[in-house]
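Modelling step: build the complete structure from the supplied sequences, incorporating the hints.
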Amino acid sequence: MRLLLVALVALALAAAVGLGSTWMTTTRGTELGTLTIGAWTARPRTGTVDIDPYSRATITRNGELPIGTGDGIAFTASTDDKKKALDGRCDVVVSGVTPAARFWTLSLYDNKGHLVANALQRYGFTSQEIVRGADGGFEIRIASRSRAGNWLPTGGIERYSLMLRLYDTPVGVATRTQRDAPMPQIATVGCP
Amino acid sequence: MIRLAFTIIAGILLGGVVHLVSVLALPRIATQDAYSRLTPITTLNMVVQLPTADPANTLMPYLDPALAIAVCRYDLSGGPLKLTVPVSQAYTSVSFYTRNELAYYAINDRSAGKKVIELDLMTEAQHSDLPEDEEVTAADRLIIDSPSTTGLIVIKALAPEPGLMPQAQATLAASRCGVQTDQPAKQAEAPRGKR
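These protein sequence lines map, in sequence, to chains A and B. All letters in the first sequence, in the order written, are residues 1 to 192 by my numbering. All letters in the second sequence, in the order written, are residues 1001 to 1195 by my numbering.
Read the hints as simulated data drawn from the structure, not as lab findings. Small disclaimer: the values here were computed from a predicted structure and weren't measured. Misleading hints may appear alongside valid ones.
[Unchecked claim] The calculated EDC-like cross-link candidates involving lysine to aspartate or glutamate, where the alpha carbons are at most 20 Å apart (straight line), are: (1) A/K82 / A/E158; (2) B/K1115 / A/D168; (3) A/K82 / A/D168; (4) B/K1082 / B/E1118; (5) A/K84 / A/E158; (6) B/K1114 / A/E158; (7) A/K112 / A/D168; (8) A/K112 / B/D1054; (9) B/K1082 / B/D1145.
[Stated by the list, open to error] If we take Cβ atoms under 8 Å as the criterion, some of the chain B residues that face chain A in the derived model are: (10) T1058; (11) D1064; (12) Y1105; (13) A1112; (14) K1114; (15) E1161.
[To be verified] Here chain A is said to cover these stretches of chain B; the calculated rule only asks that three of the stretch's residues, wherever they fall, bring their Cβ under 8 Å from a Cβ of chain A: (16) 1002-1012; (17) 1031-1040; (18) 1084-1093; (19) 1152-1159.
Note that beta-carbon positions come from the ideal geometry of N, C-alpha and C, so glycine has one too.
Okay, structure coming up:
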């Protein structure tokens, strides 16, 4: 009787530990095969057949289709350069230059990966429609209220993430550092 | 006391096994994966455009709002598939996924190098069944081996500004994917009959 109880406790513990850790790794992601430059993180191998089992599990669980390596690469950021979580009620500035690519797009998503509704129907920018400075650099202001220049509305949601996708780019599995891929800076410039 | 410690250690060790098994099994048992989400709104071996990405569209997470996207859900059991995608002005790409969302191949308009991306998709068995002379004439065709019989082809066309979205969608509307019924398929039939 006691042996049975012990076995049941052990099995229950096994199920809790095992499924709990699976849930944790597929929702929060792992550090496996990530490329981090500043606040931006990419997983170049998710677009290849060499994808790690954790990324595969995450992708199928969330119903995503990873961007193929011959197509491009996606970088995500959910914090600014100082590791402060991106807050939709604050003013955030994304500025600088992007790695070499034929096109890039920057989009804003809520925690579930959906676009955020706004009156302007502005969900992101592409490299072609952005207003640039004389030096070719750009500055995107992400805020809940209207701003001059490249304004990306947040709809006032508390937490969001940014995704920078590079299409037709040499950035990929072989990329290691900022020098290969100069990513734009993200700075929180003011909170109400 | 020893028994309690033993129980906890055994539980944690078993938990590790459960964790590994569940991570490896997830791609096969997930019911809300991209393929399952796309199945109700797509037709087999046909190019179907997805609704544009906007906040009301919760079909799949992390869709790029600047892209027009079309999907051809394929099944190669009826024979190899032929795919033609005219190239849009800005950027066009074709990505291939297995049934379990493994991205095994992707090509963009520039690497295709033509005004129309033309591809033949077949399983490895169908590829090795191609007659020898067929292989020679196929030199200028791009043949892609699919690791699985079923899967997804995702065609993307970029609209560099929102006003160009109709143009990108027109590119996708002109794309075709379907089981090969033209000359090469018939030629491929002949040697099989001789065996």
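Consistency of the hints with the structure:
1. A/K82 / A/E158: holds (18 Å)
2. B/K1115 / A/D168: holds (17 Å)
3. A/K82 / A/D168: Cα-Cα ~30 Å, so violated.
4. B/K1082 / B/E1118: holds (7 Å)
5. A/K84 / A/E158: holds (13 Å)
6. B/K1114 / A/E158: violated (46 Å)
7. A/K112 / A/D168: violated (27 Å)
8. A/K112 / B/D1054: Distance ~14 Å between A/K112 and B/D1054 Cα, so the pair holds.
9. B/K1082 / B/D1145: Holds, at about 12 Å.
10. T1058: With a minimum Cβ separation of about 6 Å from chain A (threshold 8 Å), the hint on B/T1058 holds.
11. D1064: The hint holds - B/D1064 has a Cβ within 8 Å of chain A, the shortest such distance being about 6 Å.
12. Y1105: holds (7 Å)
13. A1112: violated (10 Å)
14. K1114: violated (16 Å)
15. E1161: holds (4 Å)
16. 1002-1012: The restraint on the segment 1002-1012 of chain B holds, since 7 of its residues have a Cβ under 8 Å from chain A and three suffice.
17. 1031-1040: Holds: 5 residues of the segment 1031-1040 of chain B have a Cβ under 8 Å from chain A.
18. 1084-1093: holds (count 3)
19. 1152-1159: As far as the segment 1152-1159 of chain B goes, the hint holds, because 5 residues have Cβ atoms under 8 Å from chain A.
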